[in-house]
Amino acid sequence: MTGNNTPVNEQEIDVLVVGAGISGIDVAYHLQKRCPDRSFMIAEARERIGGTWDLFRYPGIRSDSDMHTLGLPFRPWRGENAIVDGPSIREYLDDTARELGIDKHIRFGLRVVSADWDSAAGRWQVTLDAANGKRIVRARYLYWGSGYYSYAEAYTPQLPGAEDFAGPVIHPQFWPEDQEVEGKTIVVVGSGATAITLVPALAERGAKVVMLQRSPTYVVSRDPKDKIANRLHRILPGALADRIVRWKNVAYGMATYGLARKRPEKVKRAIVKGVGERISDARIVDRHFTPDYDPWDQRICLVPDGDLFDAIEAGKATVVTGRISRFESGGIRLRSGRLLACDIAVTATGLKLELFGGAQLTVDGQPIDMTKRTLYRGMLISGLPNMALAFGYVNASWTLKCDLTARNFCRLVNEAARHDDAAFVVPQGAQAGDRKPMIALDAGYVLRAADILPMQGSRGGWQVRTDVARDTLDYHFRPIEKSDVEFRDCTAAAKETSL
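Everything in the sequence shown is counted per this note's numbering, starting at 22 for the first residue and increasing by one.
Check each hint, because a few of them may be wrong.
Below, a list of computed lysine to aspartate or glutamate pairs in the EDC-like style, where the Cα atoms sit at most 20 Å apart [stated by the list, open to error]:
| no. | residue 1 | residue 2 |
| --- | --- | --- |
| 1 | 248 | 326 |
| 2 | 54 | 116 |
| 3 | 393 | 455 |
Hints in this document: simulated from the structure, not taken from any laboratory.
Make the full structure from the sequences, and use the hints.
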């Protein structure tokens with residue numbers, strides 16, 4: 022161990038954090054504050070801070086979570102707009118890391134390819150790819166802040182005839198920086214958050230845009246400014262206003278999500294009515310913006326100031342609901358026989374879900390079947406010692422959950438020190454109740470990843486909650502270090518992995 026979190030020997034470190042996005046910066050702050058006698062390093066595969074907000078650079082990239090909850094609680098967002106674009110979020114993260122000295126702990130260009138728990142040594146042996154070859158780091162604790170999808174691959178379904186298309190076929194995850202769109206006819210395939218962001222942004226840049234969807238998505242309009250937040254910041258001390266605004270937005274999100282699950286038809290009518298107030302043609306609303314599933318069976322998409330609806334009303338964008346038959350030289354042929362002529366096709370068809378940045382996890386050299394593991398408190402994987410996973414809420418801001426995960430992780434690290442650096446682990450054979458998928462969404466990217474995800478249980482901390490308030494209460498009144506987590510000598514902890 023070293024003082025003031027300063028790593029002296031980076032080949033042997035207390036905590037290895039993977040990823041310098043929101044999750045990695047968040048846990049780094051808490052390690053500095055709560056575990057000052059522990060050394061840590063952040064391994065970032067890219068060359069800049071930001072994670073998601075550095076990777077995605079397609080036109081209009083923005084968050085659909087407000088910055089008062091997506092922002093880090095120890096450095097509250099004070100901007101005029103609560104819904105902001107990707108570059109603003111990346112700049113905020115970069116400034117935060119620099120101001121708090123977190124940037125000094127980041128090592129760029131290091132991609133984790135494997136991590137093996139060495140039960141005899143009580144360490145994770147982590148192999149990283151670097152520009153000058155492989156590098157090995159041994160860490161007592163491993164914290165995954167690497168997100169939930171592949172940076173190297175995106176999901177693109179089979180597109181018959183794509184090789185015959187005369188123009189470029191672009192996935193937004195790999196948007197070319199020099200791509201010209203003005204005067205072009207562009208078909209955006211998809212109806213999720215990425216497509217709904219791209220369509221008005223491309224229209225604003227002078228393109229004629231068609232959003233081609235297989236089925237409708239719930240879409241709601243929202244003022245990018247949080248007027249209540251801005252007013253409170255003018256009349257109250259900053260810290261007090263920050264806390265009120267954060268919990269105001271948490272409460273609103275919880276209330277609307279709860280109502281959607283209890284009274285889906287009422288919420289559905291309200292959402293569709295809201296679209297009808299922005300789009301004058303009722304046929305468009307009925308055909309293209311009225312899903313046949315309940316709200317929050319899949320994520321609800323946000324359009325700041327109704328920009329998508331405005332583009333449709335202005336005739337700069339249209340929506341077509343149908344299925345692709347094949348690509349042709351001049352466009353996309355639908356099964357109905359209709360040809361959507363276009364110069365550019367954009368496949369906003371989703372992400373490839375991936376945990377641990379694609380790294381292979383083993384214990385004493387033996388591979389781990391994640392489908393046989395169960396998640397505890399949304400962060401610990403049964404039978405795997407001294408490791409935590411940052412995974413945000415599906416119905417609220419990512420940061421809300423990850424900040425709780427970071428604080429809980431620091432508690433476990435400190436409690437382990439009080440047990441002579443015993444390993445913390447949740448037993449693989451614990452009574453978790455009925456096992457079910459970790460992510461409670463019917464989205465395609467979740468269903469496609471069923472064979473790589475751990476499960477959740479149906480009891481207590483084995484449930485993956487979507488309730489910020491209950492998780493926060495648990496943090497304060499049901500400390501994780503006094504829950505189902507056990508502290509054992511490393512050899513005993515490792516025995517759980519064989520179950």
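Hint-by-hint comparison with the structure:
1. 248 with 326: This hinted pair holds, its Cα atoms lying about 13 Å apart.
2. 54 with 116: Holds - the C-alpha atoms of residue 116 and residue 54 are around 18 Å apart, at most 20 Å.
3. 393 with 455: Within the cut-off at roughly 13 Å; holds.
Figure legend: structure checked against the earlier numbered hints; every hint is met.
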